[in-house]
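Trainee: Here is how the chains run, residue by residue.
Number of protein chains: 4
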Amino acid sequence: MKNFALIGAAGYIAPRHVEAIKTTGNNLSVILDPYDGVGYIDKSFPQASYFSEAERFDRHLYRHRDEIDFVSICSPNYLHDAHMRLALRNDCDVICEKPLVLKLEHLQSLRELENATGRKINTILQLRYHNAIIAIKQKYKDTNKIHKINLDYITPRGTWYKYSWKGDSDKSGGVASNIGVHFFDMLTWVFGPVESFEVENGALYSKGKLKLKNAEVDYNLSIDAAHLPWSEWKAYRCIKVDGEELEFSDGFTELHNKSYQQILNGKGYGLADIEHTINLIEQIRNE
Amino acid sequence: MKNFALIGAAGYIAPRHVEAIKTTGNNLSVILDPYDGVGYIDKSFPQASYFSEAERFDRHLYRHRDEIDFVSICSPNYLHDAHMRLALRNDCDVICEKPLVLKLEHLQSLRELENATGRKINTILQLRYHNAIIAIKQKYKDTNKIHKINLDYITPRGTWYKYSWKGDSDKSGGVASNIGVHFFDMLTWVFGPVESFEVENGALYSKGKLKLKNAEVDYNLSIDAAHLPWSEWKAYRCIKVDGEELEFSDGFTELHNKSYQQILNGKGYGLADIEHTINLIEQIRNE
Amino acid sequence: MKNFALIGAAGYIAPRHVEAIKTTGNNLSVILDPYDGVGYIDKSFPQASYFSEAERFDRHLYRHRDEIDFVSICSPNYLHDAHMRLALRNDCDVICEKPLVLKLEHLQSLRELENATGRKINTILQLRYHNAIIAIKQKYKDTNKIHKINLDYITPRGTWYKYSWKGDSDKSGGVASNIGVHFFDMLTWVFGPVESFEVENGALYSKGKLKLKNAEVDYNLSIDAAHLPWSEWKAYRCIKVDGEELEFSDGFTELHNKSYQQILNGKGYGLADIEHTINLIEQIRNE
Amino acid sequence: MKNFALIGAAGYIAPRHVEAIKTTGNNLSVILDPYDGVGYIDKSFPQASYFSEAERFDRHLYRHRDEIDFVSICSPNYLHDAHMRLALRNDCDVICEKPLVLKLEHLQSLRELENATGRKINTILQLRYHNAIIAIKQKYKDTNKIHKINLDYITPRGTWYKYSWKGDSDKSGGVASNIGVHFFDMLTWVFGPVESFEVENGALYSKGKLKLKNAEVDYNLSIDAAHLPWSEWKAYRCIKVDGEELEFSDGFTELHNKSYQQILNGKGYGLADIEHTINLIEQIRNE
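Protein chains in written order, with our numbering: chain A, 863 to 1149; chain B, 863 to 1149; chain C, 863 to 1149; chain D, 863 to 1149.
Treat the hints with caution; some may be incorrect.
A pair holds if it fits inside one copy or across any two, identical chains being indistinguishable in the list.
As the list claims (entries may be wrong) - With a straight-line Cα cutoff of 25 Å, these simulated SDA-like cross-link-like pairs (lysine to any residue) come out:
hint : residue 1 : residue 2
1    : Lys1024   : Gly899
2    : Lys1096   : Pro877
3    : Lys982    : Ala1087
4    : Lys1003   : Asp953
Read the hints as simulated data drawn from the structure, not as lab findings.
Sequences are here, hints too, so could you generate the full structure?
Mentor: Structural data, given as structure tokens:
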């Protein structure tokens, strides 16, 4: 049984990590979040210690560094790299949400600390465990054609979004970084690296064309309800490969669990796997 | 259709209010919480405005005071009275979580402002709408005996509780005020006013004896897992009247909806209904 | 002796208000600031109550509304109007720093509340008490010419400024609103109202031309050290009227005291005096 | 010229560090404080970078670890050890305010990290550079008697103190730790280690007897104005050795500069020098 610490425990995605820790038979021993609305933890790990301040959490981590194996990180994107350094320096392995970092240069310090500490950073690339994605990866693995991809993902957000860290590009990286990163990783995993791109970004959307080794991608990401094809407030998601729609509506719930299982088996995705996507989202942001 | 504002939208109990607003066919037009993790709102009221600062919220409320009918308040207990004043001064009626206030003297300023503004403060006394409680109220309504009540409620909380506002007696009022208030209201509603009491308070518990007009109550409230009758981390709740256990495990989910319906029908519980319980929790706290 | 409350007591300008309260022989009875670094108060008013939360401060103010006469407001600009409403609703007169509000429409709610409560809002227009300014007001009072004004004010700020509320245009209004407001008030006070303007705004500067009834103003405001005429980090201030430089380097220290004296004598500047300048800074901001 | 970082730059004591950095001919290159009221820095080091978040500061420090030599720490006491670890892990030497830490066990992790990183922690023991103290150290250096010391230090604080971190014993350590530490260090430096003690602590005071190798100390520390020997709000400080009062009212202003000079000369006081005093304040706190 491994012991986990969890940074960002009050956030939206944290319960998936708590569940993955539990499902894989491990223990959550300590959580950190400046916001104390973390009562949901009690159902799974009522004994977990709680800290609202990173400094006191660091003291705890240092003191228990021989017992704590992993630090899972769900904090706002711009804090990921500092929290990973905190974990590595306290002799813990890392499991970090996407996007791992917002700028390519931030990877360098992490690589150095991985080497210096002998610890591993694992990233959550859950779509790579989705059956539909695995199937298309298999289907196109030997392709040498240029496929035509259409990706539409309109997932509206209320007014709170704009005033949260997610709506602050300095903190979230913007729509392409915060929401697009999943798809960019998935598409390059299947169709090869980005060769060129042309994009347009707004506060509420990012759209454009990506030329990959084996695909031309037209993408359209938005959190603006005005972009929905219907009047209902419901996400619209459509991926087409050569005009054929990918069935992609289910199968998301278990992906964090699968990610954790692979990581615990020593097969997690690491810095090298994510580097080209971090490079891409940074470049898209700077267009 | 009435328009609502909601203060404390990120907190634990807020989703019950959102649901009650929706179920009763009304509209949530604006929310306030310093913590921006309020994305759940989008499922019900994606158009709601969001504020993280009370000052900007006040400006909005003032400007829309002709459109906003009710302000629902789920903020930490010690802020209730200030938030009620904010609502009344902007010409809104109030629906406020329990305990309405922590000290009897705070009721006085609210009473004055109700009179000055012609607006009404409604409090959530949801147990009074619970079928089991209505049944015993009916059963004992003409009693002239002194019944023997045993109340045990052990609802354990993780370590986060201690560091949250709920664990700070200045902010929550402590266990008797924050958790006991429901039961004290319910018991006095059924068995009449408190005549005397003898209690003992700790950071994690409150226990003692209350002499009501028609009952002698032995109560035992705790958030300490060590007080549970079992090793599992699961709440223990037991109310006995003259040795007979009250069936009381279900029927909680709809109570906020019922409270809202009554309030919207002009039959909400107000300051006069809650005064004796506020007096009681203040006195218990000061023991 | 009047009793004062002070909102924003930890900020840069607050000590001037504390001194003015003391110099005019009055008492500071309570202060509010979310930041608790307010120990300097002890030298003047060690008995002052302290609050870090506006809600608890409101409770105190309500309870002591018969004793507290004035609320002085030094909070960030965008909070001024909410804090003034808080004061008026608790039956206090107001002394508020500049710019009183950031938008003309905010004045309207204040005017309504002044009328409803019978309380008065006073604003700090300290340059109108500066001897050099009084002298030019006198000198040009009967002019019917169009004078040529050159105004340069380069007052560099360190990197912290950008990350403080002052560097956030939504909170401070930007350079023209936060720094320029003094000069715009002073110039229109002397040379009459604005008839037209042409401006250019950046994050660190605002410059342009104002056509007043009796003057053509070329102004140049900046907080960027690169705009200084010298290499030293020292403010550069130069006002020329028809080519003649106005002696303007001293005489600032007593201006808050004079403002307070006038206000206490019932001769404070109010909403009507500030309206045109608020209108101007809003329009300049929106260029 | 050495480059400095400063943590806690908005706090009360930080300007002494800024001045010491300047006086010793060095450069302040970056500051950290969650509160952005740090404009005073501009007079001395207008080019200093500013951070409000420890995480972003850590990124900066890591990136500039080859340029930044020292991290000076003026944060609230309970954060000192985490901030020292942050500094050491980024290859910087440390200059930390008193009390260095609140518990003896916290020293251990710091000692380990000093060894692991080859960096040095220096503490500010400024009274050891005060001429009056140096004189009595000299005077009693060969004593073999038990001297009688009376120490009274009544330094009143306003109501804000109670609500600041200084009034929270978990954060400041309480009166003996936060205010007494200077005197405990000074007395043991002159008269030898503590052999036994008997103390009484309140929220606003600490008093008692310390038996040192060569002295019996009666001390009386208080921040309660009611303990002053006069009605004025003015600190009362009196140290008597064998009935003779120590002249001790001046000579404080230069002590941070002297501390810095010694540290820069490689003669700073380190963990070994402070260990017994940390042990003492922890024991006094737990009485």
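Trainee: Could you tell me which of the numbered hints above are not met by this structure, giving the numbers in increasing order?
Mentor: 3 and 4
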